[in-house]
Amino acid sequence: MTTFDDREKAFENMFAHDQEMEFRIQARRNRLLGEWAGAKMGLTPEETDAYAKAVVQADFEEAGDEDVIRKLLGDMTQAGVDIDEAGVRAALDEQAVIARRMFIE
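Residue 2 is where the sequence shown starts when you use this note's numbering, and the numbers rise one by one after that.
Please note that a few of the clues may not be correct.
Beta-carbon label-pair distances, calculated as ranges [claimed, not checked]:
{"no.": "1", "residue 1": "E21", "residue 2": "V82", "range": "29 to 35 Å"}
{"no.": "2", "residue 1": "A17", "residue 2": "G65", "range": "20 to 26 Å"}
{"no.": "3", "residue 1": "F12", "residue 2": "E47", "range": "41 to 47 Å"}
{"no.": "4", "residue 1": "E23", "residue 2": "I84", "range": "24 to 30 Å"}
{"no.": "5", "residue 1": "F12", "residue 2": "D83", "range": "47 to 53 Å"}
{"no.": "6", "residue 1": "G65", "residue 2": "T4", "range": "36 to 42 Å"}
{"no.": "7", "residue 1": "E47", "residue 2": "T78", "range": "21 to 27 Å"}
{"no.": "8", "residue 1": "A40", "residue 2": "H18", "range": "29 to 35 Å"}
{"no.": "9", "residue 1": "T3", "residue 2": "E23", "range": "26 to 32 Å"}
{"no.": "10", "residue 1": "E13", "residue 2": "V82", "range": "41 to 47 Å"}
{"no.": "11", "residue 1": "E95", "residue 2": "D19", "range": "21 to 27 Å"}
For lysine to aspartate or glutamate, the following DMTMM-like pairs were computed, each having C-alpha atoms within a straight-line distance of at most 25 Å [to be verified]:
{"no.": "12", "residue 1": "K54", "residue 2": "E23"}
{"no.": "13", "residue 1": "K54", "residue 2": "E86"}
{"no.": "14", "residue 1": "K54", "residue 2": "D85"}
{"no.": "15", "residue 1": "K54", "residue 2": "E95"}
{"no.": "16", "residue 1": "K54", "residue 2": "D76"}
{"no.": "17", "residue 1": "K54", "residue 2": "D94"}
{"no.": "18", "residue 1": "K41", "residue 2": "E67"}
{"no.": "19", "residue 1": "K54", "residue 2": "E21"}
{"no.": "20", "residue 1": "K41", "residue 2": "D85"}
{"no.": "21", "residue 1": "K54", "residue 2": "D68"}
{"no.": "22", "residue 1": "K41", "residue 2": "D94"}
{"no.": "23", "residue 1": "K54", "residue 2": "D83"}
{"no.": "24", "residue 1": "K41", "residue 2": "D66"}
{"no.": "25", "residue 1": "K54", "residue 2": "E67"}
{"no.": "26", "residue 1": "K41", "residue 2": "D83"}
{"no.": "27", "residue 1": "K41", "residue 2": "E95"}
{"no.": "28", "residue 1": "K54", "residue 2": "E106"}
These are calculated hints, taken from the structure and not from any lab test. A virtual CB, placed ideally from N, CA and C, is assigned to each residue, including glycine.
Please build the complete structure, drawing on both the sequences and the hints.
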């Protein structure tokens, strides 16, 4: 019976590790996305850093990416950046690839 218990524990540990890595990748993606948006909006480096942190925080409002997309789209439109939802989603996908590569390397 201990072999099954050991296997179960190993799978639980692997699942927990995978979930933690996915959380970190998503947080890094959101930070990179905030930095990208800050550059598009012409923010100073300090403002960009604060904005990137705000984008990471925005992801905790609800499950999924919609809260982040809504924040970026609203802020960028208000700042006069010509972008639509498809542009934000494309940037989100690009930053996700970069964030994943950062953790793999």
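- State the violated hints by number, sorted upward, taking the hints as numbered earlier in the document. none
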